[in-house]
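Peer 1: Sequence:
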Amino acid sequence: MGIPVGISACVLGQKVRFDGGHKRNRFADEELSEYFDFKPVCPEVGIGMTVPRPTIRLQDNSDRIALVDSRDHEIDYTDQMIAFADSQLPSFEHLRGYIVCAKSPTCGMERVKLYLDNGNSVAGGSVGIYTQRLMDRMPWLPIEEDGRLQDPVLRENFIFRIYALDDLYRSIADGVTRDSIIKFHSRYKLCLMAHDPQAYRVLGPFVSDIHKWDDLNAFFVEYRQLFMDALKQRASRKNNTNVLMHIQGYFKRDLDKPQKAEFRDVIMRYRDGNLPLIAALTLINHHLKVHPDSYLSDQAYLELYPESLKLRYSL
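Under UniProt numbering, the residue at position 255 of the sequence shown is numbered 255, and the numbers go up by one with no gaps.
Quick caveat, the hints were computed from the structure, so don't treat them as lab data.
Some clues are possibly wrong.
No more than 20 Å apart at the CA atoms, straight line, and that leaves these computed lysine to any residue pairs for SDA-like [said to hold, decoys possible]:
id, residue 1, residue 2
1, K232, Q198
2, K260, K232
3, K39, M138
4, K23, T50
5, K310, R155
6, K289, M245
7, K189, R234
8, K183, R170
9, K310, K23
10, K39, Y169
11, K39, P4
Since we're looking at a predicted model, the values are computed, not measured.
Using the sequences and the hints, build the whole thing.
Peer 2: This is the structure we're talking about:
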């Protein structure tokens with residue numbers, strides 16, 4: 001069974017759009033489906049709308065953003081859509097991520113067209129009603145639009161967060177314990193250094209103080225949010241370079257001068273944009289096989305998701 005991930009049904013190729021078509025995303029349908037157990041949902045069909053159906057749009061009514069019929073603005077689907085989203089939430093607690101359809105007035109994650117009653121659009125747009133509800137109620141959940149998955153940096157960050165959240169849930173499968181949280185956090189120290197150095201510095205003491213918490217479930221809820229917020233920050237080339245140099249220090253007694261020079265050269269070429277991150281990671285994993293280190297071998301930074309996804313080849 002794959003990792004449970006929600007997805008807009010049209011992105012998976014289901015013909016549920018207003019015009020009877022779909023917006024199939026090849027990467028999701030052909031590649032990610034090998035690793036993810038997709039849970040397709042079409043919110044518009046979910047509230048009883050037909051296929052095909054009249055178009056709907058977001059409208060700024062000053063007191064709230066409404067989901068209305070594009071022609072007859074008196075036909076308002078807002079409350080129905082919110083109620084549908086709320087009805088789905090209990091079954092979404094096990095999800096590790098969600099792929100939504102871009103530009104959709106129900107599912108879009110950002111810059112969805114938002115209209116005034118006079119027909120003019122609002123600069124910057126808004127968020128689809130359904131997705132906004134998910135983001136409000138499950139702020140830790142990785143959510144990404146289908147179109148943005150074409151960007152290699154956004155794609156890697158999104159899928160990385162899905163695997164990290166899945167790893168977090170697996171680590172507490174037998175219950176939240178101090179040992180399970182401390183062990184998990186230790187595994188992600190290098191990831192946090194790469195994604196958000198400030199969060200790395202905050203989360204370390206936070207986890208160290210876990211013994212002060214009587215309610216470990218409450219601690220977990222707080223930790224999950226802080227952890228996922230940190231990973232949402234994309235790892236910069238500068239931060240990755242710092243992490244690679246930090247890793248290099250673990251081999252200072254094991255490598256000879258030519259090997260150390262090669263190690264540094266690969267890191268510098270990555271820093272300058274002349275090599276992908278995978279080149280440095282491959283070299284590190286090679287040295288780890290020859291010179292095992294239990295701490296490094298356990299680090300999620302080195303290998304969290306299947307290499308066959310080739311996510312770091314373009315970073």
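Peer 1: Look at each hint and say if it fits the structure.
Peer 2: Going through the hints against the structure:
no.	hint	in the structure
1	K232 - Q198	holds (13 Å)
2	K260 - K232	violated (33 Å)
3	K39 - M138	holds (16 Å)
4	K23 - T50	holds (17 Å)
5	K310 - R155	holds (11 Å)
6	K289 - M245	holds (19 Å)
7	K189 - R234	holds (15 Å)
8	K183 - R170	holds (12 Å)
9	K310 - K23	violated (24 Å)
10	K39 - Y169	holds (18 Å)
11	K39 - P4	holds (7 Å)
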